[in-house]
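Quick note on this note's numbering: the sequence shown kicks off at 32 and runs consecutively.
Rather than coming from a laboratory, the hints here were simulated on the basis of the structure. Treat each hint with caution, since some may be false.
In silico EDC-like links for lysine to aspartate or glutamate, alpha-carbon gap of 20 Å or less [to be verified]:
#: 1; residue 1: Lys220; residue 2: Asp135
#: 2; residue 1: Lys145; residue 2: Asp135
#: 3; residue 1: Lys130; residue 2: Asp143
Have a look at the derived ranges for each label pair, beta carbon to beta carbon [said to hold, decoys possible]:
#: 4; residue 1: Gly63; residue 2: Asp135; range: 32 to 38 Å
#: 5; residue 1: His43; residue 2: Thr177; range: 48 to 54 Å
#: 6; residue 1: Pro196; residue 2: Phe40; range: 32 to 38 Å
#: 7; residue 1: Asp135; residue 2: Met208; range: 16 to 22 Å
#: 8; residue 1: Gly136; residue 2: Ile172; range: 41 to 47 Å
#: 9; residue 1: Ala147; residue 2: Gly175; range: 36 to 42 Å
#: 10; residue 1: Val217; residue 2: Ala147; range: 17 to 23 Å
Built from N, CA and C at the ideal position, the CB exists for glycine as well.
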Amino acid sequence: MKRTQNNIFSTHNLVMMAALAAMQIILARFFGIQVSDTLRISFESIPVILAGLWLGPVPGMLVGLVADTLGTLMQGLVWFPPLALNPVMEGLVAGLSAKYFIRDGLTTGQNDWKVALTALTTGLLNAFVVGLVGSTLYSIIIKGNTTAFSALLWTNLLTRLTTKPWTIAANVAIVVMVNRAVYRSVVAKIVRRTA
Numbered sequence: 032m033k034r035t036q037n038n039i040f041s042t043h044n045l046v047m048m049a050a051l052a053a054m055q056i057i058l059a060r061f062f063g064i065q066v067s068d069t070l071r072i073s074f075e076s077i078p079v080i081l082a083g084l085w086l087g088p089v090p091g092m093l094v095g096l097v098a099d100t101l102g103t104l105m106q107g108l109v110w111f112p113p114l115a116l117n118p119v120m121e122g123l124v125a126g127l128s129a130k131y132f133i134r135d136g137l138t139t140g141q142n143d144w145k146v147a148l149t150a151l152t153t154g155l156l157n158a159f160v161v162g163l164v165g166s167t168l169y170s171i172i173i174k175g176n177t178t179a180f181s182a183l184l185w186t187n188l189l190t191r192l193t194t195k196p197w198t199i200a201a202n203v204a205i206v207v208m209v210n211r212a213v214y215r216s217v218v219a220k221i222v223r224r225t226a
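Given only the sequences and the hints, what does the whole structure look like? Please build it.
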């Protein structure tokens, strides 16, 4: 389903983007567990991935950026652009995947494996590429950790290897279930109105 630039910011899409951003803030700020300076267990990726899948790459990126920025400011933390790249990248990857990889649409159960692969890819990029580097830089620049970047990066990676696979697996399962349960009955009708 083609969307022009004008319908990206339609009232229906803006309301969905706001709802998904609010869900991301709630999942990140109230249901996340901060294990260490560089590791956090949370399901905050789910609304951003769904925004990218359902609305496209630009809305997915906007949901990630707005939710991260507002959530960080609400907690009184320092907003750090390398960490903000995480949710922005999740929305972008999910949106591009929906556009170029899941071409048949999200309404059929046949594409559940493509939705799962999209959630897995964004989870791996989040945990072991963008998030790994971003959280390591955050620890050094903002927290003042004096450990060498490479040593801290390896320590951060080893810590993530123990918990992130479980979080990623849970995110994949939840994204597939929510997409299957909600897309056809609710989201597809809203998207059709704005296309």
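Here's how the hints hold up against the structure:
1. For the proposed pair Lys220 and Asp135, the alpha carbon gap of about 16 Å is at most 20 Å, so the pair holds.
2. Among the hinted pairs, Lys145 with Asp135 is consistent with the structure: their alpha-carbon atoms are about 10 Å apart, no more than 20 Å.
3. Of the pairs offered as hints, the one joining Lys130 and Asp143 holds, with about 15 Å between alpha carbons and a cut-off of 20 Å not exceeded.
4. Against the hinted window of 32 to 38 Å, the Cβ-Cβ separation of Gly63 and Asp135 comes to about 34 Å, which satisfies the hint.
5. Between His43 and Thr177 the Cβ separation comes to about 50 Å, which falls inside the hinted range of 48 to 54 Å.
6. A C-beta distance of roughly 37 Å is found between Pro196 and Phe40, which places it inside the suggested range of 32 to 38 Å.
7. Remark: the range hint 16 to 22 Å for Asp135 to Met208 is upheld by a beta-carbon distance near 19 Å.
8. In this structure the supplied range 41 to 47 Å holds for Gly136 paired with Ile172, their Cβ-Cβ distance being about 43 Å.
9. Distance hint for Ala147 and Gly175: a CB-CB separation of about 40 Å, consistent with the stated range 36 to 42 Å.
10. Under the hint 17 to 23 Å, the C-beta atoms of Val217 and Ala147, about 20 Å apart, fit the expected range.
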